[in-house]
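Once you know that position 80 of the sequence shown is 103 in the numbering used here, the rest is easy, because the numbers rise by one and skip nothing.
Read the hints as simulated data drawn from the structure, not as lab findings.
Every residue, glycine too, gets a C-beta built ideally from N, C-alpha and C.
Mixed in with the good hints there might be a few duds.
Label-pair ranges, simulated between beta-carbon atoms [as the list claims (entries may be wrong)]:
#, residue 1, residue 2, range
1, A241, D68, 29 to 35 angstroms
2, V172, V290, 41 to 47 angstroms
3, E267, T197, 35 to 41 angstroms
4, V88, T209, 26 to 32 angstroms
5, V174, P121, 34 to 40 angstroms
6, E225, V188, 16 to 22 angstroms
7, V174, D291, 40 to 46 angstroms
8, A228, A283, 36 to 42 angstroms
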Amino acid sequence: MRRKITVVGAGAVGSATALLLGRRPDADVVLVDADAARARARALDLTAAVALDAGAGRVSPGGWVDVAGSHVVVLALGGPDPLAALAEVGAELARRCPDAVVVVLTTPVDAATHAVLEATRFPRGQVLGLGTVVDTARLRSLLAREAGVSVADVQALVLGQHDGVLVPITSTATIAGRPAAEVLGTERLDAVVAGVADAADELRAGLGERAGLLAPAAAVVDVVAAIVDDTRRVLPCSALCQGELGITGSVLAVPVALGADGIAAIVDVQMAEAERVALLAAADV
24 MRRKITVVGA GAVGSATALL LGRRPDADVV LVDADAARAR ARALDLTAAV
74 ALDAGAGRVS PGGWVDVAGS HVVVLALGGP DPLAALAEVG AELARRCPDA
124 VVVVLTTPVD AATHAVLEAT RFPRGQVLGL GTVVDTARLR SLLAREAGVS
174 VADVQALVLG QHDGVLVPIT STATIAGRPA AEVLGTERLD AVVAGVADAA
224 DELRAGLGER AGLLAPAAAV VDVVAAIVDD TRRVLPCSAL CQGELGITGS
274 VLAVPVALGA DGIAAIVDVQ MAEAERVALL AAADV
């Protein structure tokens, strides 16, 4: 069965996302932008790119009328005032595709996710943000490098705020099935955790404030795959908590099980008391 996935925002991140999504054999990707000419030009370029993979899906430009019937809508808006733009976009989504799952990539991602929830009035499980999926991937990759193993053999989470207070959950992190602290020792583990924030700073220093491009696009593809394939995979996405994890009324990155309807559940994973306190503090920021 083919899946209609709309990407709103034909800038660098939105275009990279559309390219990666378009490589799914079952994907019909619609690229929407306030600048229709830019959306058409980007889609032309992406069509040629995905055509290089004989088994890939399709990418086409569109307007709001083409959003109807989308299973997932990815919001990758930029500009000087993205939160204001999201209010308008949310109203269109509520009118055109009320059953779509909305994945927010726009930054600041937690505030943007909250803005979309307000604008659409969708059920809270139907709207989620990219959260700390990239930060988690970065922590796992740094742990794998330090331990000399494959990333596939590392389990770890970063929760909290991608654009603010990060809360690495290292107490339950494992490397090849063993506690990360046991494998690396406390000092090396702490140095690796510090490297997550250092890497973000280095990206901004070398590439500017909008440095994140490829990693966020790849991360969104993972999130979308979990939704359209109904895998129930647990990822640290921005979600509105209403009592889960002791948090009420805040949007931040928490472990969520993703399925066909969006957030199937917010998962209360095991963590140390100090980590839980830090997560509660992040929710209050």
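(request) Starting from the hint 29 to 35 angstroms, judge whether the C-beta atoms of A241 and D68 obey it. (result) The hint (29 to 35 angstroms, Cβ to Cβ) is violated, given that A241 and D68 are roughly 19 angstroms apart.
(request) Go ahead and decide if the range 36 to 42 angstroms is satisfied by the Cβ distance of A228 to A283. (result) holds (41 angstroms)
(request) Evaluate the given range 41 to 47 angstroms for the C-beta pair formed by V172 and V290. (result) With a Cβ separation near 25 angstroms, V172 and V290 fall outside 41 to 47 angstroms, so the hint is violated.
(message) If I claimed the Cβ atoms of V174 and D291 lie 40 to 46 angstroms apart, would that claim hold in this structure?
(response) Since V174 and D291 have Cβ atoms about 25 angstroms apart, the given range 40 to 46 angstroms is violated.
(request) Given the range 35 to 41 angstroms, decide if the beta-carbon distance of E267 to T197 lies inside it. (result) About 24 angstroms separates the Cβ atoms of E267 and T197, which means 35 to 41 angstroms is violated.
(message) Quick check on a hinted range of 34 to 40 angstroms for V174 and P121, using CB atoms only.
(response) holds (38 angstroms)
(request) Could you see if the CB distance from E225 to V188 stays within 16 to 22 angstroms? (result) holds (20 angstroms)
(request) Go ahead and decide if the range 26 to 32 angstroms is satisfied by the Cβ distance of V88 to T209. (result) violated (57 angstroms)
Taken one by one, the earlier hints fail for this structure at numbers 1, 2, 3, 4 and 7, listed in ascending order.
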